[in-house]
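Participant: Residue numbers (the numbering used here), protein chains in the order written: chain A, 1 to 536; chain B, 1 to 220.
Just so you know, not all the hints are guaranteed correct.
Covered, in the sense of this in silico footprint (three residues per stretch, anywhere, with C-beta under 8 Å from a C-beta of chain B), are these stretches of chain A [to be verified]:
hint	stretch
1	208-222
2	322-332
3	512-521
By construction, these hints were calculated from the structure, which means they are not laboratory data. Ideal placement from N, C-alpha and C gives every residue a C-beta, glycine not left out.
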Amino acid sequence: MTQTGKPTVHETDICIIGSGITAAMMAAHLVEHTNRAILVVEAGTHTTPMRDRTTARARYVAYGESPWKSDHLDDQNATGMTWGYSPSMHVGGLAMHWGGVAPRYSPEDFRVRSLYGVGDDWPFTYEELDPFYQEAEERMGVAGEQGPAALDPRGKPYPLPPLPINYNLAQLQHWATGAGIATWSTPSAKNSVPHAGRAQCQRCDTCYPVCPTGAKYSPDFTWDALPTNRVTLLTETLVRRVEADARTGRITHVTGNRTDASGAPVEIRATQFVLAAGFVWSPHLLLLSRSAAFPNGLANRSGLVGRYLAGHRNVNAYLRLPMELFPGINVQHSLVSKQFMRPGRQSRYLRHDLRIWESSVGREPRLRADDGSLLVGDAMLRDWQQRAKGATARVRGYYDVLPDRDSMLTLDAGRKNRWGDPMPHVAFKDAPESAALREWQEESLRELFRRMAKAGNGEILRMENSANDLGQEHPTGGCRMGTDPATSVVDAWGRAHDHENLWVAGAPTQPTASCCNGTLTFAAVGLRTAHAIARG
Amino acid sequence: MHHDHGNEYGSAQPSRRRFLKTAGVLTVGSATALTAVGCDPKASSETTARAARVPLDRSLLDALAVVVLPESLGADGVKQAVDRFVAWVADYDPVAEEMHGYGYADIRYLPADPAPAWQAQLTALDLLAQRSTKTGFMALSPAQRRDVVDAALRTQRGDRLPTPLAATHIAVALLAHWSSSPAAWNLALGANVSPTSCRTLNEAVRKPLPIAPAAKGATV
Numbered sequence: 001m002t003q004t005g006k007p008t009v010h011e012t013d014i015c016i017i018g019s020g021i022t023a024a025m026m027a028a029h030l031v032e033h034t035n036r037a038i039l040v041v042e043a044g045t046h047t048t049p050m051r052d053r054t055t056a057r058a059r060y061v062a063y064g065e066s067p068w069k070s071d072h073l074d075d076q077n078a079t080g081m082t083w084g085y086s087p088s089m090h091v092g093g094l095a096m097h098w099g100g101v102a103p104r105y106s107p108e109d110f111r112v113r114s115l116y117g118v119g120d121d122w123p124f125t126y127e128e129l130d131p132f133y134q135e136a137e138e139r140m141g142v143a144g145e146q147g148p149a150a151l152d153p154r155g156k157p158y159p160l161p162p163l164p165i166n167y168n169l170a171q172l173q174h175w176a177t178g179a180g181i182a183t184w185s186t187p188s189a190k191n192s193v194p195h196a197g198r199a200q201c202q203r204c205d206t207c208y209p210v211c212p213t214g215a216k217y218s219p220d221f222t223w224d225a226l227p228t229n230r231v232t233l234l235t236e237t238l239v240r241r242v243e244a245d246a247r248t249g250r251i252t253h254v255t256g257n258r259t260d261a262s263g264a265p266v267e268i269r270a271t272q273f274v275l276a277a278g279f280v281w282s283p284h285l286l287l288l289s290r291s292a293a294f295p296n297g298l299a300n301r302s303g304l305v306g307r308y309l310a311g312h313r314n315v316n317a318y319l320r321l322p323m324e325l326f327p328g329i330n331v332q333h334s335l336v337s338k339q340f341m342r343p344g345r346q347s348r349y350l351r352h353d354l355r356i357w358e359s360s361v362g363r364e365p366r367l368r369a370d371d372g373s374l375l376v377g378d379a380m381l382r383d384w385q386q387r388a389k390g391a392t393a394r395v396r397g398y399y400d401v402l403p404d405r406d407s408m409l410t411l412d413a414g415r416k417n418r419w420g421d422p423m424p425h426v427a428f429k430d431a432p433e434s435a436a437l438r439e440w441q442e443e444s445l446r447e448l449f450r451r452m453a454k455a456g457n458g459e460i461l462r463m464e465n466s467a468n469d470l471g472q473e474h475p476t477g478g479c480r481m482g483t484d485p486a487t488s489v490v491d492a493w494g495r496a497h498d499h500e501n502l503w504v505a506g507a508p509t510q511p512t513a514s515c516c517n518g519t520l521t522f523a524a525v526g527l528r529t530a531h532a533i534a535r536g
Numbered sequence: 001m002h003h004d005h006g007n008e009y010g011s012a013q014p015s016r017r018r019f020l021k022t023a024g025v026l027t028v029g030s031a032t033a034l035t036a037v038g039c040d041p042k043a044s045s046e047t048t049a050r051a052a053r054v055p056l057d058r059s060l061l062d063a064l065a066v067v068v069l070p071e072s073l074g075a076d077g078v079k080q081a082v083d084r085f086v087a088w089v090a091d092y093d094p095v096a097e098e099m100h101g102y103g104y105a106d107i108r109y110l111p112a113d114p115a116p117a118w119q120a121q122l123t124a125l126d127l128l129a130q131r132s133t134k135t136g137f138m139a140l141s142p143a144q145r146r147d148v149v150d151a152a153l154r155t156q157r158g159d160r161l162p163t164p165l166a167a168t169h170i171a172v173a174l175l176a177h178w179s180s181s182p183a184a185w186n187l188a189l190g191a192n193v194s195p196t197s198c199r200t201l202n203e204a205v206r207k208p209l210p211i212a213p214a215a216k217g218a219t220v
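Here chain A stands alone, though its shape is the one from the complex (with noise of 0.2 Å):
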């Protein structure tokens, strides 16, 4: 279906496509750093809204219904992926259902060339990024822990208090310090105290998928409270192609269809234009805009637009502890720690994170016991109280995952939107080094997990890696920065290198996915972004 006729104009300073967490933060930041108007273009519409989530949560608990009503167009998909992908496209984007899980990279992640002679170094260094981390934090309300210095630099302190060490997590931090390993709470984007007009968090366990009192920051709280005489969020509305001046390389317009059932065409006119559609839809958008000018598509002169995808894996393991724990006191709260990411210098590269859970794996109930027999009534209650008791944790490694140039993003002609438009074709690929490393990392994992049982006096009760290749955790690239643009999509603030009034924000640009969840980085890196913006 390709819709003709005269397009709907719109005229705006800033435009940025996308409305996701990164996209949130900028224009908070713009409205505030600027007087220039700011136009948001969104593919999809406004999800549940928060009046709704109290019976969104209760039927996903009921029946694992999706909370999230309208949340994706059927023929805007990418394929190749499983594992740190979600097709949900809509007000807040992913991080809608985000897990509020918001930890910062490591210094090291900036300088693994220069460290430990493997990837690529980024363009700046995490003390650069410290204020928009910072910015970021407060802007979500994060709530973390001070851990120990050497382990977490950081400027200032936490914007929220930390969300306690429970009962259960308590036990288990005294078992990680006999293992010798630090933890602390892990930060999180939910409220630890009421907080900006939102609740105290109620450990009511389903901050993935939804929270039903506010209390985890989503996106659509930033554009609830942005004014709208300098915001103006355009939804339903797809941009399918960013047009360059042929002979500058500036960005004149963009144009789309609304992907409401009238699929009318729209163009957009602007002075900057923003890609901040996360790791799959921004380099998708450029590769899409090829002309005679730019055969490649646009931004796109180091060949590097879709390449670099990078992200981790992880092994993650059940380990039975004599102890006592109560499964269910906030199930989706961790302990954390950055000892492992913060190694010295290495023979062998290994970088990951540490997380720690309750959980009740093992400990649920049946219905035969070990001999065969049913297990109903009493007789099913009695044998569940004996294997309810004791303690389970899990634990869990992110390690870091070094990306191939062929780790890549392509066209797949042979799927195709309403419109035409080929759909986005995702391959990870790991770096020669990261792929002979692999073996060992893992087994270095599992090693650190049997020491840790060990040193609780407890078992493994099992293990396993990322369950397959079809993608990577909390991904990033396709557009990555550097200073040289034969290298690089982007320069150390964003700005493509091929058009000046171009910017990519967020995920996309990382060079590489670091070892823990990403999204607080994906923000703060954007942050910069629109700190240059706002510059001028």
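We have chain A; now place chain B onto it with these hints.
Facilitator: Coordinates of chain B only, in the frame set by chain A:
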């Protein structure tokens, strides 16, 4: 209750494997609904599937519950658990979208209405009782009913109860539904933990209080 897996978050979602398993089992009992909703899943539930909802035979279900649920819940506790199960079945929205957060990229849908197959299984328990004892299921003693249920579940694996929606027999569904409740977990743990119930954050630091002996059979 939420169970955690190897990725970032736990998942209460029925897996693809469970979906197919359940759908396969339900094919005979709900072929019409499956066919009808297969054309337009988003428009399905409020029209075709809900209109065709098969009520569960409450008398047979009560007779089953006495055998399956813990007798220590007491008669009132068992009745409350059955009431909640019946309400849960009645409020199910067949082929609603599953949560598609992280873990797969395609849009997936919940199974068809399980009620027709579950009602057929209730009827089958009665038939089995008639054939094996010449007496209806409800007229049997609890011990005799237990034998009939045992026979009906002989192929059910039992290392862990499935989610209620993934249960392929109504006896398992009833038991799984009850045991997924916060109150059931409290009974199992012997403490007031109440998993998945929203409650005060600051109290999380204290060891959960033990449940009072008198309350053990009173709340389900």
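Participant: All hints are to be evaluated individually against the structure, with a verdict given for each.
Facilitator: Status of the hints after comparison with the structure:
no.	hint	in the structure
1	208-222	holds (count 4)
2	322-332	holds (count 7)
3	512-521	violated (count 1)
The structure does not agree with numbered hint 3 stated previously, though it agrees with all others.
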